[in-house]
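Asker: Using the sequences provided together with the hints, build the complete structure.
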Amino acid sequence: MSQEAESQEARSRRSVRWAPAGWLFPAVCCVVLAAAGIVALGRADLVVFAAPLVGALAGGWWTAAPPREVIVRADVSAERVFEGDTVTVRIEVIVPDGVEILDVELDSGSAMEVTPLSWEAGTGTAHGVWEMRAARWGRADPWVRLELRAAAGLMVGQTSHQLPPIAAFPLADSLSAVPRPMELPDLLGVHLGRRRGEGVEFAGIRGYRPGDPLRSVNWPVTARRGSLYVTERLTEQAAKVVAVIDASRDVQQPGGSTLEVSVQGALAVVRAALRRGDRAGVVGLGGVVRWMAPDMGQRHLDRVIEALIDVQTGGAAPTDATSFPRSVLPPGAAVVVFSPLIDERALSALADLRRRGFGLAVVDVLRTEPRAREGGVYDPIAVRMWRVGRRGLFHRLAELGIPVVSWPPDAGLEEVLRPLARRPLVGARR
Amino acid sequence: MPCLLSGTVMLGIPTLLALAAPGRPDSEAATALGLSVAIVLAVGATSVVVTLVRPGQGGSAPLAVLCAALALVFAPLDAWADGLTGVAALLFLLSARMHAGASRREVDAGQWWLARRPMLVGAAVTTPAAVASALVPTAWSLPVAGAVGIAAAGLCALVLSN
Chain A
1 MSQEAESQEA RSRRSVRWAP AGWLFPAVCC VVLAAAGIVA LGRADLVVFA APLVGALAGG
61 WWTAAPPREV IVRADVSAER VFEGDTVTVR IEVIVPDGVE ILDVELDSGS AMEVTPLSWE
121 AGTGTAHGVW EMRAARWGRA DPWVRLELRA AAGLMVGQTS HQLPPIAAFP LADSLSAVPR
181 PMELPDLLGV HLGRRRGEGV EFAGIRGYRP GDPLRSVNWP VTARRGSLYV TERLTEQAAK
241 VVAVIDASRD VQQPGGSTLE VSVQGALAVV RAALRRGDRA GVVGLGGVVR WMAPDMGQRH
301 LDRVIEALID VQTGGAAPTD ATSFPRSVLP PGAAVVVFSP LIDERALSAL ADLRRRGFGL
361 AVVDVLRTEP RAREGGVYDP IAVRMWRVGR RGLFHRLAEL GIPVVSWPPD AGLEEVLRPL
421 ARRPLVGARR
Chain B
1 MPCLLSGTVM LGIPTLLALA APGRPDSEAA TALGLSVAIV LAVGATSVVV TLVRPGQGGS
61 APLAVLCAAL ALVFAPLDAW ADGLTGVAAL LFLLSARMHA GASRREVDAG QWWLARRPML
121 VGAAVTTPAA VASALVPTAW SLPVAGAVGI AAAGLCALVL SN
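Quick mapping for you: the protein sequence lines, in order, are chains A and B. The opening position of the first sequence corresponds to residue 1 in our numbering, with each subsequent residue numbered one higher. The opening position of the second sequence corresponds to residue 1 in our numbering, with each subsequent residue numbered one higher.
Some hints could be false.
[Said to hold, decoys possible] Cβ pair distances, simulated, as ranges: (1) B/39 / A/13: 51 to 61 Å; (2) A/65 / B/107: 15 to 25 Å; (3) A/158 / B/49: 26 to 36 Å.
Hints in this document: simulated from the structure, not taken from any laboratory. Backbone N, C-alpha and C fix where the C-beta goes; we use that ideal spot for every residue, glycine too.
Answerer: Structure follows, in structure tokens:
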């Protein structure tokens, strides 16, 4: 046997924690009570009735030597899947003689939906097939939990076996238009900037200056005017787009929680920007978000996807914009924020980003609202006040020059972002 | 099937003992005793049926055994009958558990009983010893029980070793 096979065999051996069966204690109590009753009644002959039962208990206990280990082998069909994909898990359990497999449970947390497909238990071995569907993105750490019985049912044992972690990557809408900033950095790209230089788009004609390349000389104009003229062209520059995920709160709602929707939106924006040839990155407000500085290429997209599946609330990430380093949130970048807009700290961070001159667009991912309790007198009023407050918030952001669009459940992100992508996002003057 | 058979034997022996009890049937005490035995056996029979129909219910099988023990309290003394009822109760409890297991998944009956061999051997040692000790005078009960128990254990060892 090779060394790898040996280590795999060692990993599949699981130690079992054995304990007396739950019914044993009540049974012993009953026997003691029955013995006391027999003595009280003076009917010693009833001992004869109890003799087989006591003998069976003693015989079972006397020979109770359950094994310390069982073998659990698990095979997972895929360890990296996308949302909605299914993973097939095959489990084989091998137990020594005298051990009975009572129950096998596959626990994978809330990210995966587990469906048992088959289970065949034979003598000393059992095989089962489960199907796990990635209900949402994230990392799942599936466990197999086994319940065993030995010593003729006098002892029950439990053991567990960890399966390889499964990463479920988020799915994202396909976008054709992503907001871009007004100021474009000196990077070669696809956007027509305001700067004149190398490019194909006509910008104007001017007199020849020493150093101008010969190929830019406009010969028809030169012939008409009698002196050298050159054609000026607009440079084609790349934009930097940063998707910001507000992970300070996660509100459960139909069609995915606000954090799930935010992650899907951020991924869609990053993917579309990278496909266009721009630099794109991801940062988080609050929660646990691995920041990814704007970069380009398929490998960067893979890194972003890898980072996005670990996003969760409750972390120690800053909720103010001043903490973002320039490399992560470079000046002049277009910032697309996905937020439920319910955390005051996130709102002040948006205002701060705006003051620092970023071109901002906010996508409201909150698709639900507080519901009035049935029969509650003041609840409908409170809900109306909440709506008024929400409208006021949007108005406040609009006054700051931050456009806010809502992302309803029945609309695609393309439809939501199209109005924002028509013209560049203008930043505030610093 | 083993569950029903053992349950019938377990409740049938006290019933037969009660029916065959000597005494005046028209006396008030005999009527009350007969009524008590009838109630206890009826509850026991119901418990057996519940064990068969709803195998997942954990309390019905022990209740049936308890009813059999109570019926033996009311019935006249008979060591052989007590011993047989005890063996039937043990088989009933074990087969009820097998029945419950079989309701969840397929169970190989032969393997299942083989796994419980130590319990059956334990019962095979203690039951003859207890019956023998009940049949002899009190002064001889302990030595006889010991001797019969050792003999039964030896017999079991002989049978199992072959």
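Asker: Could you work out which of the previously given hints the structure breaks and list their numbers from low to high?
Answerer: none
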